Amino acid sequence: MPWTTIAIENHTRKLAKDPGEGDERLLTYAQALREAQQQALRRDRRVFIAGEGVDDPGGIFGSTLGLHKEFTGRVFDIPLAEAAVTGIMTGAALAGLRPVLAHMRLDFTLLSFDQILNHAAKARYMSGGRSRVPLVIRALIGQGWGSAAQHSQSFYPLFMHMPGLKVALPSNAYDAKGLLLAAIADDDPVMFIEHRWLYDLKSVVPEKEYLIPFGKGVVRRRGADVTILALSLMVPEALKASEELLREGIRAEVIDPRTLVPFDEGIVLKSVAKTGRLVIADSSWRGGSAAEILLGRLCNPLRPLLKKDAVCVTLPDSPTPASPFLEKRFYKDSADIKDAVRKVL
Amino acid sequence: MPWTTIAIENHTRKLAKDPGEGDERLLTYAQALREAQQQALRRDRRVFIAGEGVDDPGGIFGSTLGLHKEFTGRVFDIPLAEAAVTGIMTGAALAGLRPVLAHMRLDFTLLSFDQILNHAAKARYMSGGRSRVPLVIRALIGQGWGSAAQHSQSFYPLFMHMPGLKVALPSNAYDAKGLLLAAIADDDPVMFIEHRWLYDLKSVVPEKEYLIPFGKGVVRRRGADVTILALSLMVPEALKASEELLREGIRAEVIDPRTLVPFDEGIVLKSVAKTGRLVIADSSWRGGSAAEILLGRLCNPLRPLLKKDAVCVTLPDSPTPASPFLEKRFYKDSADIKDAVRKVL
Amino acid sequence: MKRYPHEFLKKLYSVMLEIRLFEEKIISLYPDRQIRTPVHLCVGQEAIAAGVCLWLKKRDVLFSTHRCHGHCIAKGMDLNSMMAELYGRKTGCCGGKGGSMHLSDPAYGIYSTTAIVGGGIPLAVGAALSLKFQKRRDIAVVFFGDGAADEGVFYESLNFAALKKLPVFFVCENNFYATNSSQKVRQPLDNIFKKGGVFGIPGFRCDGNDVLEVSRHAGRCIDRIRAGEGPALLECRTYRWKGHVGPDCDAQKGCRPAGEVSRWIKRCPVKKFESFLRKRGVGGDEMRRIRARLSARIEKAVVFAKNSPWPQARELLTDVTGGGI
Amino acid sequence: MKRYPHEFLKKLYSVMLEIRLFEEKIISLYPDRQIRTPVHLCVGQEAIAAGVCLWLKKRDVLFSTHRCHGHCIAKGMDLNSMMAELYGRKTGCCGGKGGSMHLSDPAYGIYSTTAIVGGGIPLAVGAALSLKFQKRRDIAVVFFGDGAADEGVFYESLNFAALKKLPVFFVCENNFYATNSSQKVRQPLDNIFKKGGVFGIPGFRCDGNDVLEVSRHAGRCIDRIRAGEGPALLECRTYRWKGHVGPDCDAQKGCRPAGEVSRWIKRCPVKKFESFLRKRGVGGDEMRRIRARLSARIEKAVVFAKNSPWPQARELLTDVTGGGI
Ligand SMILES: Cc1ncc(C[n+]2csc(CCOP(=O)(O)OP(=O)(O)O)c2C)c(N)n1
Ligand SMILES: Cc1ncc(C[n+]2csc(CCOP(=O)(O)OP(=O)(O)O)c2C)c(N)n1
Ligand SMILES: [Mg+2]
Ligand SMILES: [Mg+2]
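Protein chains in written order, with this note's numbering: chain A, 285 to 629; chain B, 285 to 629; chain C, 1061 to 1385; chain D, 1061 to 1385.
These are calculated hints, taken from the structure and not from any lab test.
Nothing here was measured: the structure is a model prediction, and the numbers come from that model.
In this text, a Cβ means the ideal position worked out from N, Cα and C, and glycines have one as well.
One or more of the hints may lead you astray.
Claimed, not checked - Pairs of lysine-lysine residues, derived as DSS-like cross-links and limited to a Cα-Cα distance of at most 30 Å, are as follows:
{"#": "1", "chain 1": "C", "residue 1": "K1326", "chain 2": "C", "residue 2": "K1244"}
{"#": "2", "chain 1": "D", "residue 1": "K1360", "chain 2": "B", "residue 2": "K612"}
{"#": "3", "chain 1": "A", "residue 1": "K558", "chain 2": "B", "residue 2": "K591"}
{"#": "4", "chain 1": "C", "residue 1": "K1339", "chain 2": "C", "residue 2": "K1062"}
{"#": "5", "chain 1": "C", "residue 1": "K1225", "chain 2": "D", "residue 2": "K1254"}
{"#": "6", "chain 1": "C", "residue 1": "K1244", "chain 2": "D", "residue 2": "K1225"}
{"#": "7", "chain 1": "B", "residue 1": "K554", "chain 2": "A", "residue 2": "K627"}
{"#": "8", "chain 1": "C", "residue 1": "K1254", "chain 2": "D", "residue 2": "K1244"}
{"#": "9", "chain 1": "D", "residue 1": "K1366", "chain 2": "D", "residue 2": "K1085"}
{"#": "10", "chain 1": "A", "residue 1": "K492", "chain 2": "A", "residue 2": "K353"}
{"#": "11", "chain 1": "D", "residue 1": "K1150", "chain 2": "B", "residue 2": "K616"}
{"#": "12", "chain 1": "D", "residue 1": "K1117", "chain 2": "D", "residue 2": "K1225"}
{"#": "13", "chain 1": "A", "residue 1": "K616", "chain 2": "C", "residue 2": "K1150"}
As the list claims (entries may be wrong) - Cβ pair distances, simulated, as ranges:
{"#": "14", "chain 1": "C", "residue 1": "E1289", "chain 2": "D", "residue 2": "R1338", "range": "47 to 55 Å"}
{"#": "15", "chain 1": "D", "residue 1": "G1383", "chain 2": "B", "residue 2": "E528", "range": "36 to 44 Å"}
{"#": "16", "chain 1": "D", "residue 1": "G1383", "chain 2": "A", "residue 2": "D484", "range": "41 to 49 Å"}
{"#": "17", "chain 1": "A", "residue 1": "E532", "chain 2": "C", "residue 2": "V1305", "range": "38 to 46 Å"}
{"#": "18", "chain 1": "B", "residue 1": "R506", "chain 2": "C", "residue 2": "G1383", "range": "28 to 36 Å"}
{"#": "19", "chain 1": "D", "residue 1": "G1382", "chain 2": "B", "residue 2": "A619", "range": "30 to 38 Å"}
{"#": "20", "chain 1": "A", "residue 1": "K492", "chain 2": "D", "residue 2": "D1283", "range": "45 to 53 Å"}
Claimed, not checked - Derived contacts from chain B toward chain D, CB cut-off under 7 Å, selection only:
{"#": "21", "residue": "G337"}
{"#": "22", "residue": "D361"}
{"#": "23", "residue": "P363"}
{"#": "24", "residue": "L364"}
{"#": "25", "residue": "A365"}
{"#": "26", "residue": "W429"}
{"#": "27", "residue": "A432"}
{"#": "28", "residue": "S602"}
{"#": "29", "residue": "P605"}
{"#": "30", "residue": "A606"}
{"#": "31", "residue": "S607"}
{"#": "32", "residue": "F609"}
{"#": "33", "residue": "L610"}
{"#": "34", "residue": "R613"}
Model the full assembly from the supplied sequences, consistent with the hints where possible.
What follows is the structure in structure tokens.
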């Protein structure tokens, strides 16, 4: 298999090392995604990329820019038919290819939930393990500038209730590359959920190919006073918060699980065993949020560890409003995380 | 409005009174659903029922049987086009009607998630409250006899992450009628989730119309030793378990929240304050289950109340297998609930 | 030479121009960064909204898309409340919650405007079901782009509407692009107007930049629909002058073949109709008066919007649900 | 009078009869309650699977539906593993996890069988994309019912297949019902074979109870597709003798007009072909020999299934995912 020669990232080596440190090569999240796809396309003839706008002058906000020129016929635009196209990619995966399907907004994946949950996620099981769906569905979360209710949803918790599906949530350029390569190398369908506001953020990204294993979180910053479990865009917000808190003498430990399915429970428990305090920063709606799900899952092992009630920072239970005035109140950021930290101390 | 004259059930009066007791009229769950729809159709000209098979000799397992004869043109079959049909019902609701859309299986609603979450659930908010979607989507959970992966899903937790949507989960005939009438009377979209295995169970059902308010749970059986929070089919299983436990001297309190959105947190906390023990019996997949979500939500208030770790009885994280041998191991019942109770004692 | 009543022509002109001026006002204001919502402008496509909505009454129902400004204006919506919505204000038609892509006003039969491509089509069919159910003689109209003809709900909706003979008018604004994807890379044949044929829905095609042609076709279709003969489909061929979203043209970024935009600008629906009007004796003065009146009204809407209050913070959480029984 | 090779005719007959006997065996065994999976039998529809799959090679890809037994048999799948799957055994083609609605075997190009109406159609288009991508000369075939022609993915898939000129063959088994819903209450026109026309896909209609007619049409379509000329659509008109699900006929419950079933039983595809064969000199003895051979094979499959072990308990949780890198 063309994938077995890539090194799997040495998990422990990266601990406590912020992406962005060091004097190595810096790439944006968008560039890192692009590089991952370019390398996958080079490495494996079975890989192709389909999606509305993948070959246009925008190139999905730069993340597929120009790839159609290097890989003729393997990076192509599609009709606006999310349901069938997801089925088509699933069928192509069943019959031996490794498709990457890109959506400009996570919101549009709702049209394809039947193909995702009834088909892609179940085909392996229903066939008794004889068939596989090595499909990656990339989808961006939008935010701000009045994107409003249908262009800014971050309902990734829904994908946590779909056995057979894996879910990645890269929070920086380094992870974007390593997780995307791992997702493409994986034999199972992966929801790969990106955040538009991370696209321009840079971190150190090695040029070589590397795979970040699913289900292994990372400690982004070490600290002994409080654990912040942060997801997606909330990771940089949590890092910002923790820097500011440090000035107040509060040492926060920031944990990024990197994938939601599978989820690294151990890394959270280990941290809380030390800090005794937990904040979960998650930009999904409160009801049924990833925060609620994970807190429910960890509730029992956390009980003896927590010195104070855990606090969740999430979006309120409303569709996204358009007005900038309301939008500002809808979204959460480092200030909210700091408030939450103060509450748990 | 034609609905204001119906009595809202006196919540407290029903406490601790099992449906099924007394010498009043007994109906099956299917008959109760049918009666609710019949009364709604009589009461309100705006109500109509659409769904694959609503007017056939099966009548959705009896729940709509023959209604098309009494209400010509108001109970009708539809094309197999779940996405558009849900949109059509939403459009009809926006323009003044009160549709009830019936699905034989919850699994098929996945084809309409775009219309449910992007459209029906958001229309009120996006219009600044000027438009309404009084739509009820009935959907059955199937189980057993090798129904397998695509005809037995119970992914109701997904609907707990859709602001704008309400979710009812009736566990007996009495509730089926009162909740369905309340759902039809409601100005918001309601996912009304039924379980096929409840269809033939009987309980006392008053002939008169009555509305069960959303967000008010009920204590199905009183007990001081352990709280069992049970959902849908798990309610009768929990009642069975608690009867058997009583013989061992264990007095379980069984709580049925009746609706998942809104959810009655108070009734659970009040009970656990007394018992100090909690079992959640929920027939959705473990990862992202209603059990995990609710435990996460209640984690903090529960901490001082619980004497022992809570235990969740859920389905394992796999698609439903077809083989009867595997199916038996996949599903949970009163025996599993009893085991869970013993663990928390 | 067909005779048109003077008032008829002036009405058409006025609506079309109102849309143009409204969009141009947005273009001039957008750099101020006070309209903070993604605007999908319909400059170049105004004749369709004008030519179709001419035949609609206030009680008729209309569904639109992300590119909805023109349809809302043509249906008669209040400019003040539209502009205030773009500014995110309390006085906006959606109380500031909807923004540019979701302009709506139930008082004008615009219940909900969706930005999910194709999403409005079944909604319109459902509204038509409601109208028929209530034995009203009103109709539902839905505007959608060529992109929506890729989506399965379009076909499902055509099937249902034909099956139930519903009073719904499908109007496709084919501007040959969905974002930057040309129709050619999404559809094997260029024949959207025929897509209803296999369901028994009559289909027509017209020059969407010729307001008279649009209105002629739309008028005939709508008469048919009001008479209870079931749905009809009209494909109007047109072109969008601006980028998919935002006030700028995107052609120089390579999104569209060089020269295509300028070729279509030469076929400006407003200019084209103006020269027709001149031939029919509507004088330049009269046109200038109409323009001045519209400009003033739009200016007033901007002032209204800017002077309007923000929503209250607590409104973030209102209108999610209605509380229930 | 067209001449057919003797072997060709016997092959067709044998496959059709094998399907019939397989389904009849299930009918006789079902009351034992050991086949605990919902069976959607294709009795009465066998000619379609036989006539189409005659032209397929093992490497060709096939997608089916909840009513999949016939397609799997015609594609050559192993009867033992099919029967064992119905019995929920470890030796079943899906290890007991799939059951009757999801029979599949990648070795025969049947990767995944879905019971979601219409769901297999895009999967087949995707497989065809893969075949074209890999420059294989194989094709993908998808069987679906009239019900699937209600679904939007059908149209989206036709559009995509035509756009990319993919080697995919759409075969509709129109039995005029989806569960108990007649085609008439779901579709305004009875013209499924024409639905691809607006995408440029040639469509044909044939008597699905005449195996020679099916094979003639299918052969032509498949030749065309293999030659790289893009997709084709064939509507085969047929009828299901049994209820939507289960071994009984449901007509007496009022699901279908009185007399309709018996009228179609008179048009039995197997009997019809038998009398044709007799005229072509295939003797009664030869047919009886074929029948006996098939019956024995099916009997053997039942014994195999019943003697097969259950899956192991731990297998409940295997094959959910593959573990990953
Ligand atoms: C289901 C869905 N897919 C993708 C998008 C992203 N998107 C927004 S507008 C648009 C183009 C729509 O094209 P068309 O329907 O032709 O309308 P136009 O913008 O040309 O007026 C796309 C792809 C969306 N909003 N909804
Ligand atoms: C999307 C979806 N909707 C509804 C169902 C329930 N269902 C199972 S089979 C069937 C009928 C399908 O009819 P058709 O496609 O004509 O196939 P047939 O059963 O006649 O062979 C229905 C409605 C389903 N499985 N999937
Ligand atoms: Mg367009
Ligand atoms: Mg059928």
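Against the structure, the hints:
| no. | hint | in the structure |
| --- | --- | --- |
| 1 | C:K1326 to C:K1244 | holds, 23 Å |
| 2 | D:K1360 to B:K612 | holds, 28 Å |
| 3 | A:K558 to B:K591 | holds, 23 Å |
| 4 | C:K1339 to C:K1062 | holds, 13 Å |
| 5 | C:K1225 to D:K1254 | holds, 21 Å |
| 6 | C:K1244 to D:K1225 | holds, 14 Å |
| 7 | B:K554 to A:K627 | holds, 25 Å |
| 8 | C:K1254 to D:K1244 | holds, 22 Å |
| 9 | D:K1366 to D:K1085 | holds, 14 Å |
| 10 | A:K492 to A:K353 | holds, 22 Å |
| 11 | D:K1150 to B:K616 | holds, 22 Å |
| 12 | D:K1117 to D:K1225 | holds, 21 Å |
| 13 | A:K616 to C:K1150 | holds, 22 Å |
| 14 | C:E1289 to D:R1338: 47 to 55 Å | holds, 53 Å |
| 15 | D:G1383 to B:E528: 36 to 44 Å | holds, 39 Å |
| 16 | D:G1383 to A:D484: 41 to 49 Å | violated, 35 Å |
| 17 | A:E532 to C:V1305: 38 to 46 Å | holds, 42 Å |
| 18 | B:R506 to C:G1383: 28 to 36 Å | holds, 30 Å |
| 19 | D:G1382 to B:A619: 30 to 38 Å | holds, 32 Å |
| 20 | A:K492 to D:D1283: 45 to 53 Å | holds, 49 Å |
| 21 | G337 | holds, 6 Å |
| 22 | D361 | holds, 5 Å |
| 23 | P363 | holds, 4 Å |
| 24 | L364 | holds, 4 Å |
| 25 | A365 | holds, 5 Å |
| 26 | W429 | holds, 5 Å |
| 27 | A432 | holds, 5 Å |
| 28 | S602 | holds, 5 Å |
| 29 | P605 | holds, 5 Å |
| 30 | A606 | holds, 3 Å |
| 31 | S607 | holds, 3 Å |
| 32 | F609 | holds, 4 Å |
| 33 | L610 | holds, 5 Å |
| 34 | R613 | holds, 5 Å |
Of the hints listed earlier, the one the structure fails to meet is number 16.
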